[in-house]
Structure formats: structure tokens, C-alpha cells
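Protein chains in written order, with this note's numbering: chain A, 40 to 145; chain B, 9 to 128.
Everything labelled a hint here was simulated from the structure, so no lab data went into it. A few of these clues could be false.
[Said to hold, decoys possible] Non-contacting residues of chain A with respect to chain B, defined by C-beta distances greater than 10 Å in every case (computed): (1) P47; (2) P54; (3) T59; (4) R63; (5) L86; (6) D89; (7) S105; (8) G106; (9) D110; (10) T112; (11) E121; (12) G138; (13) G140.
[Said to hold, decoys possible] Straight-line Cα separation of at most 20 Å, SDA-like style, residue types lysine to any residue; simulated pairs: (14) B:K51 with A:A83; (15) B:K51 with A:S134; (16) A:K142 with B:V13; (17) A:K79 with B:L123; (18) B:K51 with A:L68; (19) B:K84 with B:K51; (20) A:K79 with B:A48; (21) A:K142 with B:G52; (22) B:K51 with A:S61; (23) B:K51 with A:G48; (24) B:K51 with A:T136; (25) A:K79 with B:P49; (26) B:K51 with A:S46; (27) B:K51 with A:Q139; (28) A:K79 with B:K84; (29) B:K51 with A:T70; (30) B:K51 with A:P47; (31) B:K51 with A:E144; (32) A:K142 with A:Q78; (33) B:K51 with A:V125.
Cβ atoms here follow ideal geometry from the backbone N, Cα and C, with glycine treated the same way.
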Amino acid sequence: EIVLTQSPGSLSLSPGEGATLSCRASQSLPTRYLAWYQQKPGQAPRLLIDGVSRRAADIPDRFSGSGSGTDFTLNIDRLEPEDSAVYFCHQYGSSPTFGQGTKLEI
Amino acid sequence: QVHLVESGGGVVQPGGSLTLSCAGTGFTFSRHAFHWFRQAPGKGLEWVAVISDDANSKYYGDSLQGRITISRDNSKNTVHLQLNSLRREDTARYFCARAYTVFGVATDYWGQGTLVTVSS
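Please put together the full structure from these sequences, using the hints given.
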């Protein structure tokens, strides 16, 4: 099983700042099967990024993903109050797993 | 508009069974694979199972292996997850989500989930 470890566990930033969320895999992902989701309290996860860096439909370009091998990053520019949420990374290979999440407070 | 709605959750005693359903609207249901995930209170997400568009392929996560069955009815646009021999640690919100294939494509739409509580 591929274990995904996210850091930091929580983050508190001000509107207009930028956020960098990290996701480290326990082994190299041979394919680009890495996604990021946003989850707000009481809501379903929302797909932000798949294929490491491809934004999902209707996701603003303030959100960007990057990385390869075992290290992946979600960047959120020009933070807005509605970006407050928990962000999960997710590898969707043959035995899907999730990171434990980063709680972002704006 | 894509919409997924889970149902069937509730309170069940340890050792009991439950069948969850997920109804999809606003898209061609039979063209998609469906996953079930779960999230225990205050915890992260865990993959539970997946079924292919034609129901010929089914895969299960380790934690519920042998105690669950995933199925679908494309004529009714629904996917089901039968949970058996439930344990307290199975208490979680269960989500269904669609994808274009069983693996290798991220799930793009999720339902709001249905809560399963295992308690005596």
C-alpha cells in the first residue's frame, strides 16, 4: 500500500497570501495518478487537481499542482476566505489511498 | 448537472448488515465506474470498493474484504454496497463517487454520503 503523508497538518494564513501544501508518497508513483481534493465541513470532497497538475473543470487558476516521484505540491495563490477547508492528496492507482489531510484556515 | 445521492445508512448493531445505495442523475450512468469511500468521524478518507461500468470488474479494499459486496443496476442508475458482519470500527460516512475507469482516473463527482453507525 502506498502511504501518503501530508504536511503541514494545519495552516493558518491571511487573505491574499499563498499556501503550499505538501504530499509525500512512501514509494515513487510510476504514473501521474495523483489528485488533490478540497473538503469543507459536511460536504463531499471536490476534485481540484488530477494527473498531478491538471485542474478539474471550473477550478480557478489560483490552484496549481506539481511534483513527481514521491513529492507533490498543491499551491493556492491569492487566498480567499472560502478556501478554508481540508485538502487531501489521493493516489488512484490499483489500491487507492489518501493523505491524512491539511486543514487550511483563512 | 451531475448528482449522486447515497441512502441506506443508519444505526446497526455489531454483527449486523446494511445495504447502501447510490443513485446517479444528470449523466450517462452506464458509462462510468463507481467507487465507495468512507470517512470515520474526524478521520481521513479510505477507499472501500469499485465496480466497472459493465459490472464485470469489482475490487475491494483490505479493511472490508470478505464482508462487502458491490453491485449495480444500470437500468435504475444505482450502485449498491452490501455491508455484512459490521464492526464498531466500520462506523463512518460512506460516499459514492464516479470515475471513467476502475483505476487510473480520479473520481470527479461525489455524493454527500450516508452515515453508518455500528453500535449496540
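Results for each hint:
1. For P47 of chain A, the requirement that its beta carbon stay farther than 10 Å from each beta carbon of chain B is met, with the minimum near 15 Å.
2. Separation of P54 of chain A from chain B is adequate, the least Cβ-Cβ distance of about 27 Å exceeding the 10 Å criterion.
3. With a closest Cβ-Cβ approach of about 20 Å to chain B, T59 of chain A is found to remain outside the 10 Å limit, as its non-interface label requires.
4. Once the 10 Å rule is applied to beta carbons, R63 of chain A is consistent with being away from chain B; the minimum gap is 15 Å.
5. Chain B draws L86 of chain A into its interface by the beta-carbon criterion, the shortest separation being 5 Å against a cut-off of 10 Å.
6. Non-interface call for D89 of chain A relative to chain B: violated, since the shortest CB-CB distance, roughly 4 Å, does not exceed 10 Å.
7. Every Cβ of chain B is farther than 10 Å from the Cβ of S105 of chain A; the closest lies at roughly 16 Å, confirming the non-interface assignment.
8. With a closest Cβ-Cβ approach of about 15 Å to chain B, G106 of chain A is found to remain outside the 10 Å limit, as its non-interface label requires.
9. Remark: the non-interface label on D110 of chain A is consistent with the geometry, its nearest Cβ contact in chain B lying 19 Å away (cut-off 10 Å).
10. Against the 10 Å criterion, T112 of chain A stays outside the reach of chain B, whose nearest CB is about 17 Å from its own CB.
11. Every CB of chain B lies more than 10 Å from the CB of E121 of chain A, the least distance being 19 Å, so the non-interface label holds.
12. With a least beta-carbon separation of about 7 Å from chain B, G138 of chain A fails to lie farther than 10 Å from that chain, contradicting its non-interface assignment.
13. Taking the minimum C-beta to C-beta distance to chain B, about 5 Å, the non-interface status of G140 of chain A is violated against the 10 Å cut.
14. Straight-line distance between C-alpha atoms of K51 of chain B and A83 of chain A comes to about 14 Å, which keeps the hinted pair within the 20 Å bound.
15. A threshold of 20 Å between alpha carbons decides the hint, and for K51 of chain B with S134 of chain A the separation of about 19 Å falls inside it, so the pair holds.
16. Between K142 of chain A and V13 of chain B, the direct Cα distance comes to roughly 26 Å. Violation of the 20 Å bound is thereby established for this hinted pair.
17. A threshold of 20 Å between alpha carbons decides the hint, and for K79 of chain A with L123 of chain B the separation of about 17 Å falls inside it, so the pair holds.
18. A threshold of 20 Å between alpha carbons decides the hint, and for K51 of chain B with L68 of chain A the separation of about 24 Å lies outside it, so the pair is violated.
19. Between K84 of chain B and K51 of chain B, the direct Cα distance comes to roughly 32 Å. Violation of the 20 Å bound is thereby established for this hinted pair.
20. Straight-line distance between C-alpha atoms of K79 of chain A and A48 of chain B comes to about 15 Å, which keeps the hinted pair within the 20 Å bound.
21. With a C-alpha separation of about 11 Å, the suggested pair K142 of chain A and G52 of chain B falls inside the 20 Å cut-off, and the hint holds.
22. Straight-line distance between C-alpha atoms of K51 of chain B and S61 of chain A comes to about 19 Å, which keeps the hinted pair within the 20 Å bound.
23. At most 20 Å may separate the alpha-carbon atoms for a hinted pair to count; K51 of chain B and G48 of chain A meet this at roughly 13 Å.
24. At roughly 13 Å between alpha-carbon atoms, K51 of chain B and T136 of chain A fall within 20 Å of each other, so this suggested pair holds.
25. Only pairs whose Cα atoms come within 20 Å are accepted, and K79 of chain A paired with P49 of chain B is accepted, the gap being roughly 14 Å.
26. Only pairs whose Cα atoms come within 20 Å are accepted, and K51 of chain B paired with S46 of chain A is accepted, the gap being roughly 16 Å.
27. Restraint check for K51 of chain B and Q139 of chain A: the C-alpha separation of about 7 Å stays at or below 20 Å, so the hint holds.
28. Restraint check: the Cα-Cα separation between K79 of chain A and K84 of chain B comes to about 30 Å, which exceeds 20 Å; the hinted pair is violated.
29. Proximity of K51 of chain B to T70 of chain A is assessed by CA-CA distance (about 27 Å); at most 20 Å being required, the pair is judged violated.
30. A C-alpha spacing of about 16 Å is found between K51 of chain B and P47 of chain A, which places the hinted pair at or below 20 Å, so the restraint holds.
31. For the given pair, K51 of chain B sits about 18 Å from E144 of chain A by alpha-carbon distance, which is consistent with the 20 Å threshold.
32. Proximity of K142 of chain A to Q78 of chain A is assessed by CA-CA distance (about 9 Å); at most 20 Å being required, the pair is judged to hold.
33. Distance check on the hinted pair: K51 of chain B and V125 of chain A sit about 11 Å apart at the alpha-carbon level, within 20 Å; holds.
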